Amino acid sequence: MTWQSPARLWLLLGVAALVVGYVVIQRRQSRYAVRFTNLRLLDRVAPQRPAWRRHVPAGLFLAMLALLVVGFARPNAEVRVPRERATVMVAVDVSTSMLAGDVDPDRLTAAKEAARRFVDGLPDEFNVGLVAFAGSAAVLVPPSTDRDALHEGIERLAEGITGVQGTAIGEAISTSLGAVKSLDAKAAKDPPPARIIVLSDGANTSGMDPMEAAGQAVAAKVPVHTISFGTPSGSVDRGGRAIQVPVDGQTLKAVADETGGGFHEASTSEELRAVYEDIGTSVGYRKERQDISARFIGLGLVFAMGAAAGSLRWFSRLP
1 MTWQSPARLW
11 LLLGVAALVV
21 GYVVIQRRQS
31 RYAVRFTNLR
41 LLDRVAPQRP
51 AWRRHVPAGL
61 FLAMLALLVV
71 GFARPNAEVR
81 VPRERATVMV
91 AVDVSTSMLA
101 GDVDPDRLTA
111 AKEAARRFVD
121 GLPDEFNVGL
131 VAFAGSAAVL
141 VPPSTDRDAL
151 HEGIERLAEG
161 ITGVQGTAIG
171 EAISTSLGAV
181 KSLDAKAAKD
191 PPPARIIVLS
201 DGANTSGMDP
211 MEAAGQAVAA
221 KVPVHTISFG
231 TPSGSVDRGG
241 RAIQVPVDGQ
251 TLKAVADETG
261 GGFHEASTSE
271 ELRAVYEDIG
281 TSVGYRKERQ
291 DISARFIGLG
301 LVFAMGAAAG
311 SLRWFSRLP
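Residue numbering for the sequence shown is 1 to 319, as defined by full-length UniProt numbering.
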């Protein structure tokens, strides 16, 4: 935290002086009460007052003064601010291997549920799009702020939806970049700040070389976050025969490293949700320094109201 007017913090010495003065006065009153030997008369002229409660209004008042002084000094802090036109593309692998049951109930179903939670946790003003990929890639939902359309798109994710089997990670990235560039009329010349999230369980087997697509992302200044989802023991049933489909995240890691994104591994639904939450804290935001004096002033006013309420509640007298 920094201060625009740090010299004003010297006023806190005045608040400290008031605290000292209050303590001194309370001690003097205590000594006077002890010297007053006629206790029956003392009870009449100075009836018993609430013990700890009588200090609450004064304490709240002094805290209010301290907070107002801090606000008066105009503190600044670095805060996260959603980027204007921020766009997030979520690309989900729908190849046959995503039907493996090593993640309950299966990889694809768990991925869909985690994707729903992720997009619901993003700010409403973010543009979010959805890409499905297997042997090829297709935009299911163009980037927009329409969350209902996005939920419908996630629900449509299924094996074979792209029509070609395989795992085309490069195509997923390239297709996502194309969707970002078509966000609005000015996206071609003034691209929006964007992030791509690719979830898959295997290495690239078809389509564009993932590193070529990563180069395109670097040129467009779009980091690609990748999630390797599944376990080494995954398998799918085909005609009564179990086919092993172990997770392979090497390609995904290489893409993330090349584009400046993050590489994540998840082997359970819980881990996948945690990964999405971690990604959600970074995509589409920028950090800037802002005046946060209103926070201290607002809290100071709350303390002032508390002091007033305490005084009326415990010390008011009817005429």
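Calculated directly from the structure, the hints in this document are not laboratory data. Given the structure is predicted, the values throughout are model-derived calculations rather than measurements. Quick reminder that beta carbons are idealized off the backbone N, C-alpha and C, glycines included. Hints may be right or wrong, so weigh each one.
[To be verified] Below, computed lysine to aspartate or glutamate pairings styled on EDC-like, alpha-carbon distance capped at 16 Å:
{"hint": "1", "residue 1": "K253", "residue 2": "D237"}
{"hint": "2", "residue 1": "K112", "residue 2": "E212"}
{"hint": "3", "residue 1": "K112", "residue 2": "E84"}
{"hint": "4", "residue 1": "K221", "residue 2": "E265"}
{"hint": "5", "residue 1": "K186", "residue 2": "E265"}
{"hint": "6", "residue 1": "K112", "residue 2": "D257"}
{"hint": "7", "residue 1": "K287", "residue 2": "E78"}
{"hint": "8", "residue 1": "K221", "residue 2": "E271"}
{"hint": "9", "residue 1": "K253", "residue 2": "D190"}
{"hint": "10", "residue 1": "K253", "residue 2": "D209"}
{"hint": "11", "residue 1": "K186", "residue 2": "E258"}
{"hint": "12", "residue 1": "K112", "residue 2": "E258"}
{"hint": "13", "residue 1": "K112", "residue 2": "E78"}
{"hint": "14", "residue 1": "K112", "residue 2": "D148"}
{"hint": "15", "residue 1": "K287", "residue 2": "D148"}
{"hint": "16", "residue 1": "K221", "residue 2": "E270"}
[Said to hold, decoys possible] Pairwise CB distance ranges, derived in the manner of DEER restraints:
{"hint": "17", "residue 1": "S182", "residue 2": "S5", "range": "45 to 51 Å"}
{"hint": "18", "residue 1": "G59", "residue 2": "R156", "range": "43 to 49 Å"}
{"hint": "19", "residue 1": "E125", "residue 2": "D278", "range": "18 to 24 Å"}
### Query
Does E271 lie within 16 Å of K221 when you go C-alpha to C-alpha?
28 Å, violated
### Task
Starting from K186, check that the Cα of E258 is at most 16 Å away, please.
At roughly 27 Å apart (the allowed maximum being 16 Å), E258 and K186 break the hint.
### Task
Quickly compare the C-alpha distance for K186 and E265 to 16 Å and report which way the hint goes.
36 Å, violated
### Task
Could you grab the alpha-carbon distance between K112 and E78 and see if it respects the 16 Å cut-off?
Not satisfied, since the Cα-Cα distance of roughly 34 Å exceeds 16 Å.
### Query
Quick one, are K221 and E265 close enough, alpha carbons at most 16 Å?
24 Å, violated
### Message
For a C-alpha distance cap of 16 Å, please report whether K253 and D209 respect it.
### Response
The given pair, whose Cα atoms are some 14 Å apart, holds under the 16 Å limit.
### Query
Does the hinted range 18 to 24 Å hold for E125 and D278 at CB?
21 Å, holds
### Message
Need the status of pair K253, D190: alpha-carbon distance at most 16 Å?
### Response
Judged against 16 Å, a Cα distance of about 29 Å means the pair is violated.
#### Entry: Hinted pair K112 and D148, Cα distance within 16 Å
Distance of about 15 Å is within 16 Å: holds.
### Query
Is the straight-line distance between the alpha-carbon of K221 and that of E270 16 Å or less?
The given pair, whose Cα atoms are some 31 Å apart, is violated under the 16 Å limit.
### Query
Does the structure keep K287 and D148 at a Cα separation of 16 Å or less?
Violated - the C-alpha atoms of D148 and K287 are around 29 Å apart, more than 16 Å.
### Query
Is the straight-line distance between the alpha-carbon of K112 and that of E258 16 Å or less?
26 Å, violated
In summary, the structure is inconsistent with hints 1, 2, 3, 4, 5, 6, 8, 9, 11, 12, 13, 15, 16 and 18 from the numbered list given earlier, while agreeing with the others.
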